[in-house]
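Using the hints provided, position chain B relative to the given structure of chain X.
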Amino acid sequence: MIQVQNLRKVFGSKVAVDDVSFTVEKGQVLGFLGPNGAGKSTSMRMVTGYFRPTAGSISIGGVNMLEEPELAKRSIGYLPENAPLYSDMTVASFLGFCAEMRGLNGAAKSKAIDRVLDLCFLHKVRNQSVDTLSKGYRHRTCFAQSIIHDPDVLILDEPTDGLDPNQKHEIRGMIKRMGQSKAIIFSTHILEEVEAACTRAIIIDRGKVIADGTPDQLKKLVPGCHTMDEVFRSITRSDLEK
Amino acid sequence: MKSRDLANTLAIFKREFLSYFNSPVLYVIVVIYLLASMGFAFFFGRFLESDNASLTQSFFFWHPWIYIVLAPAVGMRMWSEEHRLGTIELLMTMPLSPWQAIIGKFVAAALVWAIGLALTFSIVITVCWLGDPDPGPMVTGYVASYLYALGCLAVTSAASAYTRSQVVCFIVSVALCILLTLIGYPGIVDTVVRTVPDSLESVVRFVSYLSFMDHFYEMSKGIFVIRDVLYFVSVIIVGLVVTDMGLRSKRA
Numbered sequence: 000m001i002q003v004q005n006l007r008k009v010f011g012s013k014v015a016v017d018d019v020s021f022t023v024e025k026g027q028v029l030g031f032l033g034p035n036g037a038g039k040s041t042s043m044r045m046v047t048g049y050f051r052p053t054a055g056s057i058s059i060g061g062v063n064m065l066e067e068p069e070l071a072k073r074s075i076g077y078l079p080e081n082a083p084l085y086s087d088m089t090v091a092s093f094l095g096f097c098a099e100m101r102g103l104n105g106a107a108k109s110k111a112i113d114r115v116l117d118l119c120f121l122h123k124v125r126n127q128s129v130d131t132l133s134k135g136y137r138h139r140t141c142f143a144q145s146i147i148h149d150p151d152v153l154i155l156d157e158p159t160d161g162l163d164p165n166q167k168h169e170i171r172g173m174i175k176r177m178g179q180s181k182a183i184i185f186s187t188h189i190l191e192e193v194e195a196a197c198t199r200a201i202i203i204d205r206g207k208v209i210a211d212g213t214p215d216q217l218k219k220l221v222p223g224c225h226t227m228d229e230v231f232r233s234i235t236r237s238d239l240e241k
Numbered sequence: 000m001k002s003r004d005l006a007n008t009l010a011i012f013k014r015e016f017l018s019y020f021n022s023p024v025l026y027v028i029v030v031i032y033l034l035a036s037m038g039f040a041f042f043f044g045r046f047l048e049s050d051n052a053s054l055t056q057s058f059f060f061w062h063p064w065i066y067i068v069l070a071p072a073v074g075m076r077m078w079s080e081e082h083r084l085g086t087i088e089l090l091m092t093m094p095l096s097p098w099q100a101i102i103g104k105f106v107a108a109a110l111v112w113a114i115g116l117a118l119t120f121s122i123v124i125t126v127c128w129l130g131d132p133d134p135g136p137m138v139t140g141y142v143a144s145y146l147y148a149l150g151c152l153a154v155t156s157a158a159s160a161y162t163r164s165q166v167v168c169f170i171v172s173v174a175l176c177i178l179l180t181l182i183g184y185p186g187i188v189d190t191v192v193r194t195v196p197d198s199l200e201s202v203v204r205f206v207s208y209l210s211f212m213d214h215f216y217e218m219s220k221g222i223f224v225i226r227d228v229l230y231f232v233s234v235i236i237v238g239l240v241v242t243d244m245g246l247r248s249k250r251a
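Sequences listed follow chains X and B, in order.
Using numbering that gives the first Met the number 0, read the first sequence as starting at 0 and increasing by one per residue.
Using numbering that gives the first Met the number 0, read the second sequence as starting at 0 and increasing by one per residue.
Bound conformation, chain B alone:
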């Protein structure tokens, strides 16, 4: 049984992955991603002027804002397209468990992002050429950045299970990603903490602890804490469980 489960997941993954490359959307998104991540690093992040051989402030700092928009753009077709075409009916009457399909599709989207992220290698070369960077924060920065993208993709996967419209899925996912980012944004959290009574501070801190930003921020500075990785892993698991619930509710 085990090998068959894996074979099903692989078949779904393969179809899904190839279909990304058959669609112009992917290329557009990857190009925008590269332009945005480099543009932010050089113009807003003052990568060259800051005279600092690190990528934390200039490069990784901007990634969450890019992912908020672009990860849903990659993931929005995941399940809504199946609903729209009616192929969900084919898929769910084939001998596989919904989980094999959910994981296969998620891994395909995740690999697409891995390729996008890998294509930013030029900035690593630049920083190594110009300075003598500490490799630690660079590695954790990339891991944090990738986990952030996967978190956004898991949110998108969940949203796409509930709707046949890619536009609705995109807007809902972007809104959720913005929410999950802003509730932990240091500036906003500090302001809220200053205005609420002291008794509520722990509540605000707890809510901010649930946000993507809180965990991304620490990691991108080079502090690799297993807790933060586990946080993103649980976000992914929750996203995929909600996806499963969405698919079930459509078939109820």
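Next comes chain X alone, as it looks inside the complex:
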């Protein structure tokens, strides 16, 4: 479903993403790991068509993102970092707007809204203004937006960031359930999440892919390390170092 080849992004003189390639098929959940500033968000922004890559190719369900962006974007649901929302709308009207942008109208639109309100446990805040939502609700509202058109491809940038343990658990479960029928990429700092929800993981550091495999394979990557945490810390460099 998602094919990314030799992706590269340069901002001025800084190389943010350098020669990243991966594919994700239906039924796979790919975890994107890496320290802050490693290029995770930049990669995801290119895959979703927000940033234009400096070089490389992106294909979503066989459609080239760079040549036919509007068509390719149709099959993607995207949760950006920090879950941005229009603060002057209610949850239901925001989701209605997103449904319309996805070509859903009339009965199909209200059905889609009800479905995601159910899935993301948002019924209680349905008519509440986005401005007054707590962080967990904001996150779930933005998540609801990303699945409103039941996309084949789901790209989630730190979907559990800032949530409490219950909410994290719920989102992880949701990712795992949806991963059975969709191609999903999600980025995270939380390594146990990778083991809990991913079928495969990629570790990125300073723009480059430095490890790629199933969570079990990654754990055995470095001799003497037994947990993801130890592996992660031994192969990535902290930005505190010079």
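Just so you know, these hints were derived from the structure itself, not from any lab.
Some hints could be false.
[As the list claims (entries may be wrong)] Once the Cα atoms are required to be at most 25 angstroms apart in a straight line, the calculated BS3-like pairs of lysine-lysine come out as: (1) Lys110/X <-> Lys13/B; (2) Lys175/X <-> Lys110/X; (3) Lys13/X <-> Lys249/B.
Then chain B, alone, in the frame of chain X:
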């Protein structure tokens, strides 16, 4: 494809238009606009004392000065708010072309101004009640006034695409609108023409021809020339193209 393009533009327009009415800023601006346009007409324009059944000198004359400040106040949230909230990332990853969003937003702001301008109807009633005005200049005056507002809004749209701060957008847009107004202001142009050597006069005339004022002035007097309308249409197109460039540069 065509109907889908239109549906996207409409969805953007609807959201944007409704969001104006959810914010107190709009009501404040419309009230200030009505107070200012009427206040100028009655106190400075000497609408009643001039004993003249026309709106040109007393009413429309002041509009550019009001728009310079108020049009950017309406339009400043157009794109800077999207940048600030990060919703631009949502919008630009949805299946629509940036143009559908740019036009949808611009039309929403334009309709808001149409409502503001329509609310000045009372002065039309007054002038018809008291005298026997010529409807021609009144119609062209309204068209000129509206086009002036749209020109200012297009400038604001372009400025807002480049910044996440509404304040920066407001100040830059006001400055640009003042510039585009003053370079064609008759008093200023005449002074400049008198001081520069004769050889440069055509340059000064050309620059003044690029200003909003030059085209507004003729139209507000009742001389409806398609050239002036085309001028404002091209200002709007340029403003929206620059908006598109700004949005592109942010995503580059």
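Hint check results:
no.: 1; hint: Lys110/X <-> Lys13/B; in the structure: holds, 20 angstroms
no.: 2; hint: Lys175/X <-> Lys110/X; in the structure: holds, 23 angstroms
no.: 3; hint: Lys13/X <-> Lys249/B; in the structure: holds, 16 angstroms
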